[in-house]
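Asks: These are the residues of each chain, in order.
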Amino acid sequence: MAHLNIVLAGAAGQGVQSAAQILGKTLQRLGYHVYTTQDYQSRVRGGHNYMRIRFSDRPLSAAVKPIDYLLALNEESLDLHLPQLTADGLALCMVEDQGDTEDARLRALSEDIGPAAAKGAKFVGVKLLSMLMTAIGFSPEVLKESVKLQFGKRLKAEVLQANLDAIEAVARSMSAADIHALPFAPAQTAEHLFVTGNECIALGMIAAGIGVYAGYPMTPSTSILNFLAGAGASAGIAVEQVEDEIAALNLAVGAAYAGARAAAGSSGAGMCLMSEAIGLAGITETPVVIVDAQRSGPAVGMATRTEQSDLLFMCHASQGEFARAVLAPALHEDGFYLAAAAFNLADRWQTPVILMDDMAYADAIRTVNEFDLAQVTIDRGAIAPEPNDVTVLRRFDLTESGVSPRAFPVLSKWLVAVDSHEHDEVGHLTDNIENRNRQHAKRLRKLAGLAAEMPGPEIVGDADGTLLLCWGSTAGPLLEGAQRLRDQGHKVGVAIFRYLYPMNVEKIAAALSPAKRLLTVEGNELGQLGRLLRMETGLTVDGHIAKTDGRIFTVDDIVELVEPRLGGER
Amino acid sequence: MRSPNDYDHFAPEWCPGCGNFDILVALKQALYDLKIESNELILVTGIGQASKIGFTIKCNLFDGLHGRALPAALGVRLANHEAKVVSISGDGCFFAEGGNHFLHTMRRNADITVLAGVNRVFGLTKGQAAPTSARDYKTKIHVDGTGAEPLNVCRLALVAGATFIARGFSGEQTQLTELIKQAIAHRGAAVIDIKSPCVSFNKINTYAWFKQRVQPLGDDHNVTDWNAAMQAAEETEERISTGVIYRVERPVFGDHLRALQNGPIARRTADFTPERVRPFFAQFK
Chain A
1 MAHLNIVLAG
11 AAGQGVQSAA
21 QILGKTLQRL
31 GYHVYTTQDY
41 QSRVRGGHNY
51 MRIRFSDRPL
61 SAAVKPIDYL
71 LALNEESLDL
81 HLPQLTADGL
91 ALCMVEDQGD
101 TEDARLRALS
111 EDIGPAAAKG
121 AKFVGVKLLS
131 MLMTAIGFSP
141 EVLKESVKLQ
151 FGKRLKAEVL
161 QANLDAIEAV
171 ARSMSAADIH
181 ALPFAPAQTA
191 EHLFVTGNEC
201 IALGMIAAGI
211 GVYAGYPMTP
221 STSILNFLAG
231 AGASAGIAVE
241 QVEDEIAALN
251 LAVGAAYAGA
261 RAAAGSSGAG
271 MCLMSEAIGL
281 AGITETPVVI
291 VDAQRSGPAV
301 GMATRTEQSD
311 LLFMCHASQG
321 EFARAVLAPA
331 LHEDGFYLAA
341 AAFNLADRWQ
351 TPVILMDDMA
361 YADAIRTVNE
371 FDLAQVTIDR
381 GAIAPEPNDV
391 TVLRRFDLTE
401 SGVSPRAFPV
411 LSKWLVAVDS
421 HEHDEVGHLT
431 DNIENRNRQH
441 AKRLRKLAGL
451 AAEMPGPEIV
461 GDADGTLLLC
471 WGSTAGPLLE
481 GAQRLRDQGH
491 KVGVAIFRYL
501 YPMNVEKIAA
511 ALSPAKRLLT
521 VEGNELGQLG
531 RLLRMETGLT
541 VDGHIAKTDG
551 RIFTVDDIVE
561 LVEPRLGGER
Chain B
571 MRSPNDYDHF
581 APEWCPGCGN
591 FDILVALKQA
601 LYDLKIESNE
611 LILVTGIGQA
621 SKIGFTIKCN
631 LFDGLHGRAL
641 PAALGVRLAN
651 HEAKVVSISG
661 DGCFFAEGGN
671 HFLHTMRRNA
681 DITVLAGVNR
691 VFGLTKGQAA
701 PTSARDYKTK
711 IHVDGTGAEP
721 LNVCRLALVA
731 GATFIARGFS
741 GEQTQLTELI
751 KQAIAHRGAA
761 VIDIKSPCVS
771 FNKINTYAWF
781 KQRVQPLGDD
791 HNVTDWNAAM
801 QAAEETEERI
811 STGVIYRVER
821 PVFGDHLRAL
831 QNGPIARRTA
841 DFTPERVRPF
851 FAQFK
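Top line first, the protein sequences correspond to chains A and B. The first sequence runs 1 to 570 under my numbering. The second sequence runs 571 to 855 under my numbering.
By construction, these hints were calculated from the structure, which means they are not laboratory data. Check the hints yourself; a few may be wrong.
[To be verified] Capping the alpha-carbon separation at 30 Å, the derived lysine-lysine pairs in DSSO-like fashion look like this: (1) A/Lys122 / B/Lys628; (2) B/Lys654 / A/Lys413; (3) B/Lys751 / A/Lys65; (4) B/Lys855 / A/Lys25; (5) B/Lys855 / A/Lys156; (6) A/Lys153 / B/Lys855; (7) A/Lys413 / B/Lys855; (8) A/Lys122 / A/Lys156; (9) A/Lys122 / B/Lys605; (10) B/Lys654 / A/Lys516; (11) A/Lys148 / B/Lys855.
[Claimed, not checked] DEER-style ranges, computed between Cβ atoms: (12) A/Pro387 / B/Gly788: 32 to 38 Å; (13) B/Gly788 / A/Ile383: 18 to 24 Å; (14) A/Lys122 / B/Lys855: 25 to 31 Å; (15) A/Pro115 / B/Asn670: 53 to 59 Å.
[What the hints assert, rightly or not] Residues from chain A that keep clear of chain B, each with C-beta distances beyond 12 Å, as calculated: (16) Ala248; (17) Ala277; (18) Thr304; (19) Leu526; (20) Arg531.
Since the structure is predicted, the reported quantities are computational estimates derived from the model, not experimental observations. All C-beta atoms, glycine included, are put in the ideal place defined by N, C-alpha and C.
Start from the sequences and build out the full structure, keeping to the hints where you can.
Replies: Below, the structure written as structure tokens:
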């Protein structure tokens, strides 16, 4: 695929993120498809951070390893990333960061270039960006315009002017031999949003009518809390940073009982604390959406590293048996539409619905088409018609589907009682044998109904060769990796599972049956999707490809890991 | 409601002589006096004998997890800040399992009435020590006593930021009813530490034991003075002061949220169409 891959690297606090943000937004405005990933440590200063900014004339959903342009904000960044620089790539840095690095592909900029007002660490990012934009054939006006748009209001006039003068001076200093027009034109196809995975989920929640959200800061789930809190005042969303994740989900369940669409979010360790309340939502049949933004575990694990190892946990968290659904967005757009779908499933089946993403997805910034609101519907499920007089609701009335019409306390004349104990039709506790059997069976009937409407996996590419089974962020790199393998003559397809639990056995069997070989590719060592498939459908996979070092799957990782497993077949 | 008994729902199942019977009578009388209709009230309870008061009152009920009544109650209030929310449970639920939530609910001054039945023992699980048990209180587990100071519920509430704090005794019906009425009428976090004997498992802190030690606060107590309240909240194994200990007005949790200024969220759900998200797209362009 025609693309350029740029790496911006430096220590925490050097401005890697803001430089990447300017670059990404600039490329977006020029009409390119952009895919950006972040690699950072759990520290505020120092260490090593880098961002990959990849752009193309076609949609991108994955990162690649070979670097076309390396923008190094310190010497360490040169040492770490020069080995991935392509033969005709360029590395850009300031003279003082060059150290003893000698490389024909290195261009070191003197501090003397540009106005005196633009000296020092704060201007390194913009100067390297100017080198880059000039090298790929853009006039300095493009970057100047971007800086004005993004920082015009935030910077003092003289600081802004120093930035603009520096861009101009650096651009003029570039040697003609280093300037190459891009081999591809902008796409100009659609109005793009440049969003993170977590922002897609948060936007989907707003579209779905969320009213209450609770969480406790934990990477990588915090950005959902941040976004919804910022949107809350104008959209009417009460967002609370609670004392712990136990409170978060109990709060959301209470809010849902009272009539709001409610959600709680955290990462794996927080999900451990939420587990009891997942069961509370199960037995009280309260619709609630729970976001698990996975990271490396167990316990604190690696705080800023990705993993996909919560799948079996989320399908089984909390004691006892009850209905739930587990969904996972694969591509950025999915986050928006699945978040909206999650609330409908929760309301219609009166169950907890868990939406799982992972750090690789949560933090990746991508251009997507503006979301189509016509595809979002709001279905609150079965609501009991309002009675004439104050009446006790048979909240847990026995029905064929297992779903009983509900009502919202205080907003209606129904008296609504729900109980964390086993209870009868009016929500009153009892351990009567017949009642237990009736209510337990009623709640579990919902699992069959849910499974019946769960879509099977999406198959992309060859269905009848080696099928690579995935969920979550692994889908993006797999789709491109599989295409590369097909280009090399391999018969390879990808099966993307977005609806993970409960499983629709018939649809899954039909989708997977043409394949000669099934391989799961996941960010976990134990092959959790394969285990879940065997548990739920009896299907067995032929192998598992794992990556649990906490770093994202790149397209190159996929090709490298999958190719040897294809048995030389083409 | 024509009489307090119109709130009757399921028959209570406590041991004969349990203090919870008296709390129930006082609560029904308070609800009746305040003219609160069944469907206007949401009781949020936890797990324990005191929380079972929830089953006996005809109203809306969210009977949640042990220790977790208060975060659920806060969720109810965020969804509908016009609903009357009363949370009832015991000292194990509010102060052992739920201690962290109690602290933060008080700190927020959430508009929730907290009726804490304090019998200084775990009744439901048959006789273990509660956070309020005396240091020398012996149980099958605490064979050498608890080794810990009993928690002073009112002082904890004071330090954490509650704006209405009172102490009552299930054996003082008239006073307790009045305290519950004031607590429910109060706007903000209102806590009543209700001394209530467990006739089956606490053979030390009996009805007579409490009766001999409760002492109403004098009229000279200044309920708006935090330091005076801290002093008045003193409770020893010899003397337990009762009555309103502290009462002030402070902003209630939710008053600060612009999201709640156009009415309860649960009432506004029909306005929350998918188009609501469109204004947020611009920042990503």
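Asks: Please go over all the hints and tell whether each is borne out by the structure.
Replies: Taking the hints in turn, this is what the structure says about them:
1. For the proposed pair A/Lys122 and B/Lys628, the alpha carbon gap of about 66 Å is over 30 Å, so the pair is violated.
2. Taking the CA atoms of B/Lys654 and A/Lys413, the gap is about 15 Å. The hint holds against a cut of 30 Å.
3. This hinted pair does not check out: B/Lys751 and A/Lys65 have alpha carbons roughly 68 Å apart, beyond 30 Å.
4. Note on B/Lys855 and A/Lys25: the hinted pairing holds, with a Cα-Cα distance of about 8 Å set against a maximum of 30 Å.
5. Restraint check: the Cα-Cα separation between B/Lys855 and A/Lys156 comes to about 24 Å, which is no more than 30 Å; the hinted pair holds.
6. A threshold of 30 Å between alpha carbons decides the hint, and for A/Lys153 with B/Lys855 the separation of about 17 Å falls inside it, so the pair holds.
7. For the given pair, A/Lys413 sits about 46 Å from B/Lys855 by alpha-carbon distance, which is inconsistent with the 30 Å threshold.
8. With a C-alpha separation of about 14 Å, the suggested pairing of A/Lys122 with A/Lys156 holds against the 30 Å cut-off.
9. This hinted pair does not check out: A/Lys122 and B/Lys605 have alpha carbons roughly 66 Å apart, beyond 30 Å.
10. Taken as a hint, the B/Lys654 and A/Lys516 pair is broken in the structure, with Cα atoms around 62 Å apart against an allowance of 30 Å.
11. Only pairs whose Cα atoms come within 30 Å are accepted, and A/Lys148 paired with B/Lys855 is accepted, the gap being roughly 15 Å.
12. A hinted range of 32 to 38 Å for the beta carbons of A/Pro387 and B/Gly788 is inconsistent with their spacing of about 50 Å.
13. Our hint of 18 to 24 Å for B/Gly788 and A/Ile383 is violated, since their Cβ atoms are close to 54 Å apart.
14. Our hint of 25 to 31 Å for A/Lys122 and B/Lys855 holds, since their Cβ atoms are close to 27 Å apart.
15. Here the CB-CB span from A/Pro115 to B/Asn670 is close to 55 Å, well matched to the stated 53 to 59 Å.
16. With 12 Å as the threshold on Cβ separation, the claim that A/Ala248 sits away from chain B is violated: the shortest Cβ distance comes to roughly 8 Å.
17. Listed as outside the interface, A/Ala277 is inconsistent with that label: its C-beta sits roughly 7 Å from the nearest C-beta of chain B, within the 12 Å cut-off.
18. Every CB of chain B is more than 12 Å from the CB of A/Thr304 (nearest about 23 Å), matching its label as outside the interface.
19. In this structure A/Leu526 is separated from chain B by more than 12 Å, as the shortest Cβ-Cβ distance comes to about 30 Å.
20. Listed as a non-interface residue, A/Arg531 keeps its Cβ farther than 12 Å from every Cβ of chain B; the least gap is roughly 30 Å.
In the structure shown, a violation is registered for the earlier hints numbered 1, 3, 7, 9, 10, 12, 13, 16, 17, in ascending order.
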